[in-house]
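For the protein sequence lines, the chains are A and B, in the order given. Under our numbering, think of the first position of the first sequence as 1, with each following residue one higher. Under our numbering, think of the first position of the second sequence as 309, with each following residue one higher.
Quick caveat, the hints were computed from the structure, so don't treat them as lab data. Misleading hints may appear alongside valid ones.
Just so you have them, the derived chain B footprint on chain A, three or more residues with Cβ under 8 Å [to be verified]:
1. 29 to 38
2. 47 to 53
3. 124 to 131
4. 143 to 155
5. 177 to 189
6. 256 to 265
7. 272 to 282
Reference excerpt, derived from the structure (chain B facing chain A, CB under 10 Å, subset only) [said to hold, decoys possible]:
8. 374
9. 397
10. 442
11. 444
12. 445
13. 448
14. 449
15. 455
16. 464
17. 484
18. 486
19. 543
20. 583
The beta carbon of each residue, even a glycine, is placed where N, CA and C say it ideally should be.
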Amino acid sequence: MVELAGLTEAQRRGRNRARLRETAVSLGMMGPAVLLYTVMTVVPVVVAVYLSLTDWDGFSTAAFIGLDNYQHLFDDPSSTDAWYVTALIAVAGTVLMVGLGLVYALALKAKSRTNSFFRAVAYFPHVISALILGYLWAAILGTNGAINNTLAKFGIDPVGFLFDEQFALVSLIAVIVWAGFGFNVVLFVAALQTVPAELLEAAAIDGASKRQINLRVVIPMIAPVVTVATVLNLVGLIRAYDIVVSLTGGGPAGSTQTFTYLILARSFEGTKVGYATAQAVFLMVVSAVLALLVTALRNRQDQAATGS
Amino acid sequence: MVTLEAKADDRPKVVPASLKDDDVPRADREESRSPVRWVLLGVLFVVMVVPIYLLVVNAFKSQQDILDNPFSIPLGGLTFEHMSAAISSPQFNVIGGYGFTLFLVVMVDVFCILLAGPAAYAIARSLKKRTQLVLLYFLAGTFIPGAAVIIPVIYVLREVGLANTVTGLIAHDVASTLPVSIFLFVGFIRTIPVDIDHAATIDGAGRYRTFWTIIFPLMRPAVVTVLILNSIGIWNDFVSPQILLSPSSGHYTVTTAIYAGISQYSTDLTKVFPNLLLAVAPVVIFFIYMQRHIISGLTVGAVKG
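Same shape as in the complex, but just chain A:
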């Protein structure tokens, strides 16, 4: 007995040492990634939070001014205007992208060569830089663009797609939807292909029309994926920047300035960096809340679905 206890004692010591070694190796494996991520991603966020509480202008020493910058967010018209533009882009863009995504996914869900060709046609802008797509559309929709020059041939006055305050935001949203809905098509097709065929046959035999089947059976079946797409679209669009730079440059008269556009424009004026970082922190909080909110809604939906 005594001998055995001694053995376990030695074993335990050995095991402890092995475990310690194991932990050290684990730390060694994670260390470099954690370090780089912390320095390059987390520290800037902490710095942003700190700067947002100061009046830093990019050069002089920063003075602590508390929550003044955040208060300013709600009474500064350029900031509230940018929020209005961003919210409109995010909501209208998401609704259109999800809607078109569903329509085309239902049309293209069957496995065939024709369908995968059309899926690729809908998808391809997703791999091209938004900046470049914006310049391309600017060359098509601009005053000297392909559409206006063709209209002019028929004696029609040029349309200010990008230079008319009313039209510019609509054009911007249209181009964003053009570039982005194909992603949803692919996402939804993948989900639709997992809906069991028997279910649809059963519904058809019960006398449901094609539209009824799509609305009552198919779409509820892929609801979780629709939620994922909604989150991704909302969170992506709330950060819209590149395409604004190249398509409208925030104009005319600031009517298409999104929040990120405003933040970066402000930061380079070099006078209101503190305020710009307050906007960035606020944007970060909004996009996190949005993502968590929609995901929580989805979880509740899922629970309701499995509960009943």
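Dock chain B against the given chain A, drawing on the hints supplied.
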């Protein structure tokens, strides 16, 4: 099942043909008869492809020709003058941008794999709660709007002496790829049986060796996804190179070259179209060849990330 099929076939009008995935040939034939479907697909094709058509044909026309007949195929007035001018332009050269952008893509891909791989392995194989917190810590990064907090990144780079350097840009880009890459890797490694690790350990392999020689080769699908995701992301990135590398650095990526060139000559369409075509061509060719991988890779990356 059999009786169901038979019934359905008895009443072909009731069963929506397009819903019958298991009967592809027939479904296809009936689908193609539906006029609504073909109108939808026709509109899709025109709306998606016309901008690219305009980009290609107008890259080989004179300014007057572009203004007069933007939609025509330049059979008579075909000119390579502006395209070759764009190729050899000394300012904001897009072709020159290819080299630097490709360099960035390769560096970021390599360092991302070198850092994310072992980290994901350690996280996936650990049973401790603490290690799972590390995964959550990385996942929080997906909530950070990169472009909006790029100014504080300059601040940090200045502190560590990497402001306005290519190294600084690469460090920032690698860090930005880590959350999604680690997340995808962890998910994949967890599907690989731990017995394989144990066998390697018994044979005397250390943890690093087990990872790089046994596990990593098994992770090919996840690695391909991550490489595609990162490569396209870095190739198309505009904000980071534009802001972290000032023009004085003399380095242009494809996007920052386009920005510098086109914002200056936006009314000269003989500069706009050829340069945009040069910028788009590599990505579109890559997409056509790797379509299946890219579509599934980007979709998986976005959904799981």
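Structure-based check of each hint:
1. Check result for the region 29 to 38 of chain A against chain B: holds, 7 residues qualifying (beta carbon to beta carbon below 8 Å, three or more required).
2. A count of 3 residues in the region 47 to 53 of chain A with a Cβ less than 8 Å from any Cβ of chain B is obtained; the coverage claim is therefore met, three being the minimum.
3. Check on the region 124 to 131 of chain A: 8 of its residues sit with their Cβ under 8 Å from a Cβ of chain B, so the three-residue criterion for coverage holds.
4. For a cut-off of 8 Å, the count of residues in the region 143 to 155 of chain A with a CB near a CB of chain B stands at 5, and the three-residue condition holds.
5. For a cut-off of 8 Å, the count of residues in the region 177 to 189 of chain A with a CB near a CB of chain B stands at 5, and the three-residue condition holds.
6. A count of 4 residues in the region 256 to 265 of chain A with a Cβ less than 8 Å from any Cβ of chain B is obtained; the coverage claim is therefore met, three being the minimum.
7. Note: the region 272 to 282 of chain A has 5 residues with beta-carbon separation from chain B under 8 Å; the three-residue rule is met and the coverage holds.
8. A hinted interface residue such as residue 374 of chain B counts as satisfied when its beta carbon comes closer than 10 Å to some beta carbon of chain A; here the least separation is about 8 Å, so the hint holds.
9. Hint status for residue 397 of chain B: violated, given a least beta-carbon distance of 16 Å to chain A, over 10 Å.
10. Given the 10 Å rule on beta carbons, the hint for residue 442 of chain B holds: about 6 Å separates it from the nearest Cβ of chain A.
11. Here the hint on residue 444 of chain B is broken, as its CB sits about 12 Å from the closest CB of chain A, past 10 Å.
12. The criterion of a C-beta within 10 Å of any C-beta in chain A is met by residue 445 of chain B, whose closest approach is roughly 8 Å, and the hint holds.
13. Because the closest C-beta pair between residue 448 of chain B and chain A is about 8 Å apart, less than 10 Å, the hint holds.
14. Taking 10 Å as the C-beta contact cut-off toward chain A, the hint placing residue 449 of chain B at the interface holds, the least distance being around 5 Å.
15. At its closest, the beta carbon of residue 455 of chain B sits 5 Å from a beta carbon of chain A; the interface hint therefore holds under the 10 Å criterion.
16. Given the 10 Å rule on beta carbons, the hint for residue 464 of chain B holds: about 5 Å separates it from the nearest Cβ of chain A.
17. Given the 10 Å rule on beta carbons, the hint for residue 484 of chain B holds: about 7 Å separates it from the nearest Cβ of chain A.
18. Interface restraint check for residue 486 of chain B: the shortest CB-CB distance to chain A comes to about 5 Å, inside 10 Å, so the restraint holds.
19. For residue 543 of chain B, the shortest C-beta to C-beta distance to chain A is roughly 7 Å, which falls under 10 Å, so the interface hint holds.
20. At a threshold of 10 Å, the smallest CB-CB gap from residue 583 of chain B to chain A is about 9 Å, leaving the interface hint in force.
Hints 9 and 11, counting from the list given before, are not met by this structure.
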